[in-house]
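Undergrad: Letter by letter, the chains look like this.
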Amino acid sequence: MHHLKFLRGGLAVYTALFIAFLYGPFVVMGILSFQKGPEGGPQFPILEWSTYWYRHVLGFAPPSRVAPLPIGEALVRSLTLAFATMVVSTVLGTLTAQAFRERFRGSGLVFYLVVLGMIVPGVLLGLGMALLANNLGIDRNWWSTAFVLHVVYTYPFAFLVMLAIFNRFDRSVEEASWMLGVTPARTFRKVTFPMIFPGVLSAMLFAFTLSYDEFPRTLFTAGSDVTMPIAIYGTFAVEIHPNLFAFGVLTTLFSFALLSVYGILMALSVRRARMRATGIQEEIA
Amino acid sequence: MAAASVTQGAAARRRQLLLLAPGVIWMLLFLVLPLAMMVYVSFWTQTTFAIKPDLTTKSWEAFFSSTTYVEALLRTLRIWLTVLVITLLIGYPTALFIGQFVRDKTVQTVLLVTCVIPFWTSFLIRVLAWRPMLGKEGAINIVLMKLGIIDAPIEALLFSELSVIIGMVQIYVVFMVGPIAFMLARIDPSLIEAARDLGASAWTIFRRILLPLSLPGVVVGAIFVSVMVLGEFATASALSGRKVNLLGNIIVTQVGSLKWAFAAVAGVILTIVTALVVTLLLRVVNLRREL
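Going down the list, the protein sequences come from chains L and F.
With this note's numbering applied, the first sequence corresponds to residues 1 to 285, in that order.
With this note's numbering applied, the second sequence corresponds to residues 286 to 576, in that order.
Simulated from the structure, these hints should not be mistaken for lab results.
Among the hints, a few may not be true.
To be verified - Per the computed footprint, the stretches of chain L lying under chain F, defined by three or more beta-carbons under 8 Å from a beta-carbon of chain F, are:
hint : region
1    : 9–20
2    : 124–133
3    : 206–217
4    : 259–272
What the hints assert, rightly or not - If we take Cβ atoms under 7 Å as the criterion, some of the chain L residues that face chain F in the derived model are:
hint : residue
5    : Trp-49
6    : Thr-96
7    : Ile-119
8    : Pro-121
9    : Thr-252
Just so we're clear, the structure is a prediction, and the values are computed from it rather than from any experiment.
Ideal placement from N, C-alpha and C gives every residue a C-beta, glycine not left out.
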């Protein structure tokens, strides 16, 4: 028993170190984003603490030798693309998972076909799609060729999430609704959807974040109007400046805001479900 | 009655077909077709400025007769295996702690979310953040020098194969921790209690119960890590100063110089490698039965 406690303590320390390893570069990035500008480079030592690079990212800094990040339009494109991807992949994922609630021949094949979308390395899909578009004479754009590949990537995630939700789902409630003569469409809207809503929200969150940060699939397929990750990739070739780090910190804060919205919606939906349940119980009583 | 149930069955089947059709058609058009196109184009004739649909194996011969490209293939395999083994070795203890030693579900979730939070920063920026860590005047060298462990900065930390491996391990290790912790947390505690009551040592419990039961998690994690590492090119180009070329980097360079047929050859080879690796990993356990 004694050495088990010892083992537990050792593993706890190890896990703490592991988390430090995950956060290390992130912390360094945060510190360096406060480097003096525009002279300071993306390395230690900090010449002088300043918020110059944040102002630089937001466009408040006077023009200098460091070109501003091409974020404005790219950011809007990325957000639009992520939103569209989220909607389409969640709908597709829900439809397919709904079909999987009943056994059918070839279900294994369909399952692997869908899951393949998240397994094939992105750079291959990007290449294949670029070749296809070139030979069909289709222009490559972020809203066409890149968009369909984003869905290919996020739809399997949505499908798996919805499959897990439907697996834990009590069928008899739906059947009761059909028995009472409610149409399937109305049953879905009034009975099924409220029950699967938490899953739908998770699927949407997955799809949005994956698409927003998606890079290898977009590189060859976005055409000349770049998305955010491609714009960042463009800065790889030249010298990097701390403005990228300031931007990284800002986008992380934005992600947290998004995550909070998700958390609040989730909590609200759980509370509403509980309230409705107690309401029904009171009525019965 | 029988006829009614038959038509009902047919209606149900039609409904199922309608539900399946959008997803399946999407995947056939935008997943299968592009990959097929890539295989097809790898046999086209490459001229300086364009590709022509005259079938030839020239690009394939060019790939395998060039030491640069064969080396890139071997390097991709080497880095993949290294990253896979390291992520498993340093990820497993963390997963063991989260899945087995933390019994409180809330603490478990908090720990897992803590591991996932870095993912909320753009992948490319996370890669770039390693530069000020590993550089000659980077954080690691500064700390090591201050502690008196080294006299001169280690230069091999950045712009080398090592920096690429460090970067990839940090970015992908969480994909290993998650599935393993999930499988470990599912193990019935009474199983371990019983083993302990029968006098099994901690090592025996690990070897005979925890390890086999967490194997599906290891396989899922390994598939995630493998697929992502094999298709990598951004980490390599950001942290190696374009010195370390992987198959992915070759594809990007060839597309950049409009050598589509050649890029397609590298793409097909990468597809074959990925498919082999995934099939091999699926051989270890039957995932559909285990999950």
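Undergrad: Determine for every hint whether it applies to the structure shown.
TA: Hint check:
no. : hint    : in the structure
1   : 9–20    : holds (count 6)
2   : 124–133 : holds (count 8)
3   : 206–217 : holds (count 4)
4   : 259–272 : violated (count 1)
5   : Trp-49  : 16 Å, violated
6   : Thr-96  : 4 Å, holds
7   : Ile-119 : 5 Å, holds
8   : Pro-121 : 3 Å, holds
9   : Thr-252 : 5 Å, holds
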